[in-house]
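Engineer: Go ahead and model the full structure; you've got the sequences and the hints to work with.
Protein chains: 2
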Amino acid sequence: MAKQNIAAHKSWLPDANHPTTDFPLTHLPYGAVAVEDQQHLCVAIGSHLLDLHACAASGLLPAALTEACQAPTLNLLMSQGSQSWALLRKTLTTLLHADVKPEHKEKAEAALHSIAGSTFQKPVHIPNYTDFYASIHHATRVGQLFRPDQPLLPNYKHIPIGYHGRASSILVSGEPIVRPIGQTRPSAEEIQPNFIPTSKLDYELELALYIGKPSTQGTPVPISHAADHLFGISLLNDWSARDIQSWEYQPLGPFLAKNFATTVSPWVTPIAALEPFRVPAASRLATDPKPLSYLHSAADQKSGGLDVALEVFLLTATMKANKLEPFPLSQSNARDLYWTPAQLTTHHTSNGCNLQAGDILATGTISGPAEASAGCLLELTRNGAQPILLPTAETRTFLEDGDEIILRGSCESPGHHRIGLGECRATIHSART
Amino acid sequence: MAKQNIAAHKSWLPDANHPTTDFPLTHLPYGAVAVEDQQHLCVAIGSHLLDLHACAASGLLPAALTEACQAPTLNLLMSQGSQSWALLRKTLTTLLHADVKPEHKEKAEAALHSIAGSTFQKPVHIPNYTDFYASIHHATRVGQLFRPDQPLLPNYKHIPIGYHGRASSILVSGEPIVRPIGQTRPSAEEIQPNFIPTSKLDYELELALYIGKPSTQGTPVPISHAADHLFGISLLNDWSARDIQSWEYQPLGPFLAKNFATTVSPWVTPIAALEPFRVPAASRLATDPKPLSYLHSAADQKSGGLDVALEVFLLTATMKANKLEPFPLSQSNARDLYWTPAQLTTHHTSNGCNLQAGDILATGTISGPAEASAGCLLELTRNGAQPILLPTAETRTFLEDGDEIILRGSCESPGHHRIGLGECRATIHSART
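Just so you know, the sequences run in chain order A and B. Going letter by letter, the first sequence gives residues 1 to 433 in the numbering used here. Going letter by letter, the second sequence gives residues 1001 to 1433 in the numbering used here.
Errors might be hidden in some of the hints.
[Said to hold, decoys possible] Now the stretches of chain B that chain A is said to cover, found in silico as 3 or more residues with beta-carbon under 8 Å:
1) 1259-1265
2) 1351-1365
[What the hints assert, rightly or not] Here are the computed distance ranges between Cβ atoms for each label pair:
3) S413(A) to A1385(B): 55 to 61 Å
4) K1290(B) to K320(A): 39 to 45 Å
5) P1072(B) to S303(A): 52 to 58 Å
6) S224(A) to A1393(B): 45 to 51 Å
7) D228(A) to T1287(B): 40 to 46 Å
8) A1116(B) to A64(A): 42 to 48 Å
9) P222(A) to P1072(B): 32 to 38 Å
10) L292(A) to E1175(B): 27 to 33 Å
11) P1289(B) to P222(A): 36 to 42 Å
12) E1175(B) to D288(A): 36 to 42 Å
13) P1176(B) to T287(A): 38 to 44 Å
14) P1176(B) to L292(A): 52 to 58 Å
Bear in mind the hints are in silico, worked out from the structure with no lab data behind them. C-beta: ideal position from N, C-alpha, C; glycine also.
Structural biologist: What follows is the structure, encoded as structure tokens:
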């Protein structure tokens, strides 16, 4: 049964059938590649990309999807809703399947390019970026650092906590991160705050949930319909300057500590590719409150979680110079999130707030129950108190100039092809003083 | 001297010369009007609007500005920078001046329409919306309600506090506000929060600062250059559900309490029209810290403030039925803000965050030092403890269904035409339960 399932999804591209590829035929994540002075949409297959603009031009795609597939970003496709998404996915699956018609294969081959030599750009125009706080393990451990007597605030288990991030400064994997300068809290001896490059630059391991079908202002999305609005996911690194954050965030939340840059991975995994990796919502303690009825559906509790294994790696300049492999900082899994993607979507619209095609709802830092599964350095080093020792004998409390952070994610389930989310990576450049 | 100045700015439209008009020749605010199924940019003059799309079509505007003036929103003009803004303003001033060439006047008359019969739309595509907290009087009085021992947090006088609002749900004056539903804090006897229509719906009297010229990610805007990026201002009402806010805002700030709707006025006053109304930055107490050097310039301290008188009116359904005038709730002035527009702009970019053409930087609630100059009901009624008695014998702690809130603003200075910002108004509709 399991082998049959895998055999049924064989591509005519040999390396798409290799068990370790991120991009088998069952995945087909969307990206955007630079082609001369244009940006073309594409899907990844094995070690190649298939140029959708070229496919549409050679008549391989349904006419109704031509405009969406020849646009520079996914937004038009996203806004068209799940029937269009399913039609395109079915067409591309047939086109890249081992049983493809020879005349179609020939045309598709002309639209194939190696991923290795390509430059990827942001595949989505992101109108709005919301960042949630959906990992109870992250919220608890951060709370322990700053409020040891009450690590988890009274609202946490009732309401998905979130805030608005900055959409303008979202970058795609590979673009450098310039260390931000900002105000930090004056010490007891100082009268004025300092205005200096952050010395507590951190990453945050997150998933981006991309909204497809928009919602109407004034009309909440019931939890039973939330899935209709979710187009796909990618990796997201919510860079954070902890010293700036701790000084500025009272009483209105994080601002300059976060909005200098956020990095997304270049590939958007369609939600349909994640169906085999759906799991129950994370189990709550018997003493936990039940979600309020607007946040509860039996179907969501049964299969609203996503089993996405996540990893963070650090590659310092010294490690690069010595050709060492990236050092694994931690592993966690999106299945441990306290709130499901559907709950986040429904909560966001419950007051009538409208969602737009291309919006990102980020999960917040994804940490697991174990200390080694923390999704940021604030947790891993206990706000700098416990430095990490690297194989080069270097130590890290927070990020140094030249450090590269690499996020990876993947899904595995018996009887199904493994899929990988690709990489979300960026290197820290020194502050411009 | 004063009379000469006013006489020099005489328009051939008689009502533009009336001393009480909001829209004399020295103002020329930009708007967007519905024309069949299109949206045309326009300027207000007296009781009329001048359609810029039509003006460009009849050759009245410089060719270099045609595309920007025939676009549905101001964003292209905004992004072109201050030389383009000055060129257009000079052209329109000449066109509407009493000394206009007769052949130009004839063409302009064909592009004139009455404001009264027109439908106005959002004149700007707003990519990002930031809300500051720049009134120390607001921050102090809100702090007194919730932290009587420490009303003003230690960071307030050092750093302009701000957070990201929701850009997708910004409406233009006249569009209804649907009362939001949300979670509110459980009482001591309750186990679960309530999920009900807010019973503490409030307005916030603010100014929107519209960014014109964008800034580059990674490159802060020095305070000496901040003025180059500011295109204009309008009125803004940051609707707030205080009961939702108090339950959700820890630890990441306001979210659903604010993002259901924000209202902007239809007219964007160009910053050039505000030059006669520039005033020194609000004076600080001798014991206050000096702004850090990146937030300080002598020119900004001397003339970085804006003397904009602001008013809030309430019109209940009963008052409407009895044809009563709107009831004045409070008056304040933007000159009392602790931080200037240039300081807000520079601070926002100081960490490398980029600004985009059309972004709004809102001031936060503008309250004055007197209790009667509070810019929201939270302050005016002390969180509902002191109801307001209306001429109809109705009382209000927070807003009821059917209530209309009207914001107005104006600038006056000896020897100059008065200008008015128009109105920002909206009526509360009942929750959709």
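Engineer: Counting residues of the segment 1259-1265 of chain B with a beta carbon closer than 8 Å to any beta carbon of chain A, are there 3 or more?
Structural biologist: As far as the segment 1259-1265 of chain B goes, the hint holds, because 3 residues have Cβ atoms under 8 Å from chain A.
Engineer: Does the Cβ-Cβ separation between P222(A) and P1072(B) fall within 32 to 38 Å?
Structural biologist: This hint holds: roughly 33 Å between Cβ atoms.
Engineer: Quick one: see if chain A covers the segment 1351-1365 of chain B, three-plus residues with Cβ-Cβ under 8 Å.
Structural biologist: holds (count 7)
Engineer: Has the hinted range 45 to 51 Å been met by the Cβ atoms of S224(A) and A1393(B)?
Structural biologist: holds (46 Å)
Engineer: For the range 36 to 42 Å, tell me whether the beta carbons of E1175(B) and D288(A) fit it or not.
Structural biologist: holds (40 Å)
Engineer: Holds or violated: 39 to 45 Å for the Cβ distance of K1290(B) and K320(A)?
Structural biologist: holds (44 Å)
Engineer: Is the hinted range of 40 to 46 Å satisfied by the C-beta distance from D228(A) to T1287(B)?
Structural biologist: violated (58 Å)
Engineer: Determine whether the Cβ-Cβ distance between P1072(B) and S303(A) falls within the hinted range of 52 to 58 Å.
Structural biologist: violated (43 Å)
Engineer: Can you tell me whether the CB distance of S413(A) to A1385(B) sits inside 55 to 61 Å?
Structural biologist: Since S413(A) and A1385(B) have Cβ atoms about 57 Å apart, the given range 55 to 61 Å holds.
Engineer: Is 42 to 48 Å a correct range for the gap between the Cβ atoms of A1116(B) and A64(A)?
Structural biologist: holds (44 Å)
Engineer: Range hint 27 to 33 Å: satisfied by the CB atoms of L292(A) and E1175(B)?
Structural biologist: holds (29 Å)
Engineer: Does 52 to 58 Å hold as the CB distance between P1176(B) and L292(A), or does it fail?
Structural biologist: 27 Å Cβ-Cβ, so the 52 to 58 Å window is violated.
The structure fails hints 5, 7, 11, 14 (numbered hints given earlier, in ascending order).
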